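Engineer: So the chains spell out like this:
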Amino acid sequence: MNSSPDQILSWENLIYLADFMAASGERAISLLGGEPTLHPLFVDFVLYLLQREFRVNVFTNGIMSSHRLLELKEHLGAVPNERLSFVCNLNNPEQTDAPAWQQKSVEEFLGAMGPWTQPGFNIYRVDFDLEFLFDLVNRYGMKRRLRLGLAHPVPGAETAYIKPSEIGLAIERLYSYRQLFEGFQLDFVPDCGFPLCKFSNEQLGWLYRIGGVEMRFKCSPAIDITPDMNVYACFPLSNINRRSIFEFDNMRQVVDIFAETHRKIRAEAKGIYPECDDCAQMNNGTCSGGGACQLLNIFKNEASVRLPEIESELKNTCLPV
Amino acid sequence: MATVIFKATEACNAQCVYCDVAHNKKAIREKMPYELLELFFTRVNDYLLAKSDDTMEIIWHGGEPLLLGTDYFAKALEFQQKHCEKTAHRIRHSVQTNLTLFRPEFVPVFKQLGVTSFGTSYDPFTDLRGIGATVDANLYRRKFMESVRLVEREGFSWGMIYVVTKLSLDRPLDIFWFLMNLNPTGSMMFNPVYLRDRSLSHLDITAEEFADFLGAIFPAWWKNRWRMPRVEPFRMMEENLRGSRSMICCDSGVCAKTHFGIAPDGNFFQCGRAMDWGLLGLGSIKERSFVDVLEDPAKAKMLERTKLLGETECKGCRFWDVCHGGCPLDGWLKTGSLMSRSRMCVAKKIFLEKYFEPAVNGNGSQNKTVENCRVSVPGAPASRPSGDADEKQNGAIWINLRGAAGDALMLSGVLKQVADRFPQRKFNLVSRTGLDPILRGHPAVGEIGNPPADTRIMSADYWEEPGYGNRGAEAGRAYQTLARMFGLELPVDECLWTANHAEKDRISFGLPWKAGNLLVCPAADSARKQMSIKKWEELVELLSGSDTLIVQAGKRSSPYIRGTYSLLGLADERELIPLLPRFDAVVTVDNFAMHAAHLCGVPAVVLWGPTDHKVSGYRGQRHFQAAPGCGLEQGCMSSGSRELCCVPCSQEHDHCLDSLNLQEIWGAVGEILAEKNEDPWLGREERPAGRRVEEISLR
Amino acid sequence: MSLRTLVCPYEPELINGFHEREIAVRVDSPSLVREAGNAVRNSGNRLLCVILDSAQPVDAVPFEDGWSGIPILLTAPAAGEFRSIVHKLPLLRSLNLKIYLSSTNENIRDARILSSLGLSCALRIEPGAVDWEALSDLMTYALCGRAPHAPIDPFDYISRNYDSKVHLKWGAVYLDDPEKYFHLDKEKNVALSCKEAVAGQFIGCLDDIERAEPEEIARRTDAWSRNFTGFSPCATCEGFKLCMGSLRPEDEITEGCTAFFSETLETLEALYAQEQRAGKDHVWRL
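Residue numbers (the working numbering), protein chains in the order written: chain B, 1 to 321; chain W, 1 to 699; chain V, 1 to 286.
Some clues are possibly wrong.
As the list claims (entries may be wrong) - With the C-beta cut set under 8 Å, the calculated list includes, among others, these residues of chain V facing chain B:
#1 G80
#2 F82
#3 R93
#4 L143
Stated by the list, open to error - EDC-like, lysine to aspartate or glutamate: derived pairs with alpha carbons at most 20 Å apart:
#5 W:K257 <-> W:D127
#6 W:K223 <-> W:E146
#7 V:K241 <-> W:D547
#8 B:K300 <-> W:E152
#9 B:K218 <-> B:E247
#10 V:K88 <-> B:E260
#11 W:K514 <-> W:D547
#12 V:K88 <-> B:E268
#13 W:K26 <-> W:E311
#14 W:K223 <-> V:E269
#15 V:K195 <-> V:D185
#16 W:K555 <-> B:E260
#17 V:K241 <-> V:E179
#18 W:K223 <-> V:E179
#19 W:K75 <-> W:D54
#20 W:K223 <-> V:E266
#21 V:K165 <-> W:E85
#22 B:K300 <-> W:D454
#23 W:K166 <-> W:E152
#24 W:K349 <-> W:E287
#25 B:K218 <-> B:E268
#26 V:K169 <-> W:E105
#27 V:K88 <-> B:E71
#28 B:K264 <-> W:E152
#29 V:K241 <-> W:E105
No wet-lab data here; the hints were simulated from the structure.
Computed from a predicted model, the values in this text were never measured in an experiment.
Each residue gets a CB set at the ideal place from its N, CA and C atoms; glycine is no exception.
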């Protein structure tokens with residue numbers, strides 16, 4: 001029974017998920033969407049999860065009503081930023097067509113919650129411009145760690161994304177900002193799907209030096225749970241092996257199922273480049289060979305020779321060319 | 001246990017419509033005189049002294065025994081104490097009563113008599129049971145409920161018989177739940193109505209109707225039986241199914257041995273119902289002892305009935321053991337003969353077959369057949385190369401192989417033979433992780449990649465081919481099957497081939513080679529094909545020696561075997577091939593190394609369990625086949641059962657491969673090493689010129 | 001006759017008149033909680049709890065640190081705003097508090113929230129006005145929830161006291177059990193339930209009743225058996241053993257309650273079977 005429609009998470013399901021995560025030993029929960037701050041009970045849910053001793057991370061575009069912003073300030077303004085954090089996905093205002101009111105809304109959000117917030121940026125074109133980010137980080141006291149993602153192909157959607165052949169160019173472009181990164185002491189965490197081989201040794205060394213972070217070039221199940229309690233590996237793979245969370249007793253089982261799904265996809269094609277087949281870093285597990293979602297692209301328009309789940313996905317969706 | 005249906009009176013305060021006693025003009029309404037009551041207890045004592053191992057149950061019956069009053073029971077107690085001093089501990093009293101007359105005054109005397117439970121009867125919905133001449137059913141119910149509460153408060157248990165009539169048939173579950181909710185602490189029994197009076201035929205039920213009534217309530221009881229009282233006949237049937245033999249008199253076939261009834265005038269009868277119907281009289285308590293009665297020839301004849309039925313009417317019935325032809329009086333009711341089987345036998349049979357067995361044994365869902373379990377790839381029509389014309393018209397066929405690297409090596413060998421025989425035949429290959437490296441550059445393979453949507457696909461999944469896995473036939477072997485699929489005439493030489501191996505291995509220069517060099521490859525694509533780490537380590541210990549190097553190859557993620565020199569993760573399939581000839585022998589399971597050893601002509605000792613060496617192993621290799629202990633004699637991954645590939649073996653420590661004799665394996669390796677010493681070129685890096693890897697294809 | 005626990009209003013003179021009795025004292029003002037609890041304890045009687053009847057939702061009740069150590073049964077119409085309660089959670093958790101709510105859909109939801117945060121709750125089930133499916137969902141959570149949570153009555157009481165062989169009465173959760181509780185007014189007149197006390201339906205004076213127990217009490221105790229003589233639909237209900245007809249809706253539409261109690265029984269049986277198996281799996285015990 002839900003006390004609200006399936007499109008938004010209900011209290012009952014939130015509690016179920018909190019119990020599920022707690023029983024699985026998970027101590028951190030990320031809220032994402034769509035736009036999670038649109039949920040009418042967003043603040044209550046965050047307060048609840050904090051009471052349940054979770055660390056809460058919220059992925060947001062920063063665009064919200066003034067009423068919601070007021071709620072955030074009033075009820076979440078005193079929460080330590082080790083317990084609560086935001087990742088605000090930011091777009092270059094000059095490269096996107098966002099209306100002025102949206103930009104203003106984002107800035108108001110950052111003005112209120114900057115210190116809790118990590119900037120996020122999705123690379124969807126090779127000529128991306130990052131300069132605006134450094135300004136925002138400084139102006140609003142944001143956390144100095146950039147969450148950097150590659151825009152991946154999403155089945156059935158006509159979205160822009162970075163093709164495997166363009167990844168090297170994107171990395172070059174990123175590297176061109178090294179002075180700004182170093183100057184403003186901003187490091188970044190590459191999100192899933194970056195292949196190791198597209199970084200030169202120099203670039204890898206630079207990454208390590210600015211952040212000292214453990215470099216990961218993996219693609220593994222992130223596990224997303226929908227408001228109607230379905231679970232899948234990640235949004236681009238959301239139609240492959242989609243299950244109900246009620247089928248599982250703990251997160252380990254969920255991860256295992258989707259890790260198996262990943263394994264099956266990789267049994268069809270090892271990586272996004274031909275050289276992945278012989279790659280030592282793939283063999284020793286350092287690199288996953290790009291995103292599994294990119295691999296689905298390889299099978300588009302071919303005869304039905306793959307796993308039933310993949311065939312079903314390919315039939316039901318229209319992959320972008 | 002001897003059982004006496006003791007009717008000290010046949011008077012009753014109720015006038016239940018179907019009761020034979022209530023409407024029997026000849027029923028004795030007066031109480032049994034005290035003289036007879038006292039005589040009764042002397043007979044009880046005599047019986048128990050004569051049968052020192054036996055006990056006696058005295059069921060106070062009627063009519064309504066509570067009409068006897070508390071004084072009567074007090075007298076009974078007095079007589080028992082007087083005459084049964086030494087045997088009282090083997091006497092059990094119980095009372096069959098409608099409970100409507102139960103009062104607190106009865107409690108002390110019943111407790112002294114040792115009565116712990118009452119049997120009763122009740123009907124919640126009809127007016128068939130009622131008090132007095134007007135058959136006042138409402139009064140009956142009210143009194144009954146009050147008495148039941150009192151019975152419980154005073155610490156007695158109580159059970160119930162429900163008599164199923166025509167009026168019961170339209171609401172079986174309501175009746176069931178009503179009675180369950182009353183929460184009897186004793187047993188609940190459902191009996192069909194037995195009617196001698198034809199004017200009551202509108203209440204009568206057929207055997208089928210009774211069976212269906214039971215069938216309607218059985219699922220509710222079965223599902224909830226743990227929290228239900230004992231409900232008959234269900235519980236009895238369940239127990240009998242599980243091997244115990246617990247039966248009521250009607251089904252035991254030996255009621256004549258254990259039961260008799262006594263009327264208020266002291267006359268014996270076979271049982272209570274016989275008494276009600278005036279049948280099977282056995283004399284009087286004034287003249288006869290209980291032993292006499294139980295050994296009466298008439299009773300012996302009743303026992304003969306059981307034997308007779310077993311050889312005639314009931315012969316071959318699979319429910320004989322739980323029925324024995326039912327109550328002889330039921331049989332008499334139908335045919336006039338006590339030797340007939342009960343008409344309710346049919347009811348039992350129908351109930352057991354239609355309702356009981358399906359529920360208890362499962363819902364009858366079919367087990368999966370091997371055929372049903374086959375994995376198939378949707379939309380991938382299997383096709384065979386039919387000739388050049390087809391290929392020219394439709395383009396090269398795309399081979400879709402869903403196996404592992406070893407299968408790719410076999411395919412490579414088969415395709416090489418195809419290419420040798422039919423040089424113009426070309427295939428494409430659906431790219432898949434692990435296969436491309438083996439088949440790249442093959443003369444029979446054109447493109448390796450993604451087949452267009454409208455192209456012809458040929459499955460190379462040989463394990464799905466009819467005839468595969470037939471151990472008695474050469475054609476059932478994996479290689480032969482694959483060859484047949486590609487149009488080669490059988491039998492073919494089982495040659496392997498690859499062009500895409502590494503030119504030279506990168507690591508052998510660094511290995512501490514010794515006089516004897518062994519390669520072990522424990523890992524396989526399926527955990528089922530692997531022997532346990534512990535066993536491998538024991539084997540390695542046996543194989544180790546100062547002059548022997550044991551090297552382990554495999555994926556980086558494979559478990560390391562202690563005592564070996566680890567090359568885990570350092571040589572993939574392509575790099576293993578040039579490395580293999582450096583070794584004197586390979587000890588492996590059914591995996592890529594087995595095929596590669598055959599390709600390179602390196603002697604191999606192969607360990608088998610779920611798969612069969614006769615199907616998949618190569619001649620010339622030394623095979624050790626473990627016998628499965630899991631009941632799957634053919635092996636759990638034999639033909640058509642590859643779906644178990646990714647499922648861990650349920651046998652754990654009893655896994656078949658772990659039963660292999662390590663001494664024998666060691667012996668086989670020893671033989672190989674001994675042979676090597678006779679062949680100077682075996683195991684050397686350099687070989688006589690001209691012998692390239694691809695030429696060492698068959699031994 | 002066994003001495004019942006007395007549920008009475010906070011009247012010092014009344015309370016001081018009892019000796020070594022167990023007393024649940026009612027107050028309707030938060031400011032009297034501590035005083036009433038201490039008064040009972042100081043009078044030589046045992047304090048079962050202080051019953052605070054609040055007309056306000058829980059979030060508006062002015063809880064105090066000084067209430068710790070006093071068992072409090074709080075009846076409230078609703079929980080109120082979550083974000084108001086959440087700020088008071090540390091204090092609420094430190095109190096010996098049980099919150100009683102009616103069985104509206106919001107309260108069913110809020111009971112789950114409060115329980116998951118460590119606050120003990122109870123729902124008073126109103127037969128004609130409850131969403132049985134929602135209640136069933138809550139029951140499943142209360143009995144089978146995978147994470148530790150505070151008890152939710154009546155489910156917790158039922159599960160602790162369930163015995164498949166007997167009928168289960170759980171009126172004691174609400175102090176409504178004539179065999180265990182008498183509800184008094186300030187003149188020591190006795191009613192057999194809280195509702196009857198409020199409505200002024202008394203059966204006599206305490207002293208008289210404790211001298212000679214009136215038949216009304218036995219009739220009330222055995223009231224469930226009238227389902228079997230009056231052709232009540234409850235008599236044939238699979239879930240009767242847990243309900244005993246006490247929640248029969250006036251409109252006699254029983255699908256909801258039947259399904260609810262049947263499911264509860266199944267859940268209890270499954271839990272019982274699990275416990276039994278857990279015992280049998282032990283290889284050895286100290």
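Engineer: Does each hint fit the structure? Answer for all of them.
Structural biologist: Right, here's what the structure says about each hint:
{"no.": "1", "hint": "G80", "in the structure": "violated, 12 Å"}
{"no.": "2", "hint": "F82", "in the structure": "holds, 5 Å"}
{"no.": "3", "hint": "R93", "in the structure": "violated, 10 Å"}
{"no.": "4", "hint": "L143", "in the structure": "violated, 13 Å"}
{"no.": "5", "hint": "W:K257 <-> W:D127", "in the structure": "violated, 37 Å"}
{"no.": "6", "hint": "W:K223 <-> W:E146", "in the structure": "violated, 30 Å"}
{"no.": "7", "hint": "V:K241 <-> W:D547", "in the structure": "violated, 79 Å"}
{"no.": "8", "hint": "B:K300 <-> W:E152", "in the structure": "violated, 75 Å"}
{"no.": "9", "hint": "B:K218 <-> B:E247", "in the structure": "violated, 27 Å"}
{"no.": "10", "hint": "V:K88 <-> B:E260", "in the structure": "violated, 45 Å"}
{"no.": "11", "hint": "W:K514 <-> W:D547", "in the structure": "holds, 6 Å"}
{"no.": "12", "hint": "V:K88 <-> B:E268", "in the structure": "violated, 55 Å"}
{"no.": "13", "hint": "W:K26 <-> W:E311", "in the structure": "violated, 38 Å"}
{"no.": "14", "hint": "W:K223 <-> V:E269", "in the structure": "holds, 11 Å"}
{"no.": "15", "hint": "V:K195 <-> V:D185", "in the structure": "holds, 12 Å"}
{"no.": "16", "hint": "W:K555 <-> B:E260", "in the structure": "holds, 18 Å"}
{"no.": "17", "hint": "V:K241 <-> V:E179", "in the structure": "holds, 18 Å"}
{"no.": "18", "hint": "W:K223 <-> V:E179", "in the structure": "violated, 34 Å"}
{"no.": "19", "hint": "W:K75 <-> W:D54", "in the structure": "violated, 25 Å"}
{"no.": "20", "hint": "W:K223 <-> V:E266", "in the structure": "holds, 9 Å"}
{"no.": "21", "hint": "V:K165 <-> W:E85", "in the structure": "violated, 37 Å"}
{"no.": "22", "hint": "B:K300 <-> W:D454", "in the structure": "holds, 13 Å"}
{"no.": "23", "hint": "W:K166 <-> W:E152", "in the structure": "violated, 31 Å"}
{"no.": "24", "hint": "W:K349 <-> W:E287", "in the structure": "violated, 42 Å"}
{"no.": "25", "hint": "B:K218 <-> B:E268", "in the structure": "holds, 18 Å"}
{"no.": "26", "hint": "V:K169 <-> W:E105", "in the structure": "violated, 29 Å"}
{"no.": "27", "hint": "V:K88 <-> B:E71", "in the structure": "holds, 18 Å"}
{"no.": "28", "hint": "B:K264 <-> W:E152", "in the structure": "violated, 65 Å"}
{"no.": "29", "hint": "V:K241 <-> W:E105", "in the structure": "violated, 30 Å"}
In the structure shown, a violation is registered for the earlier hints numbered 1, 3, 4, 5, 6, 7, 8, 9, 10, 12, 13, 18, 19, 21, 23, 24, 26, 28, 29, in ascending order.
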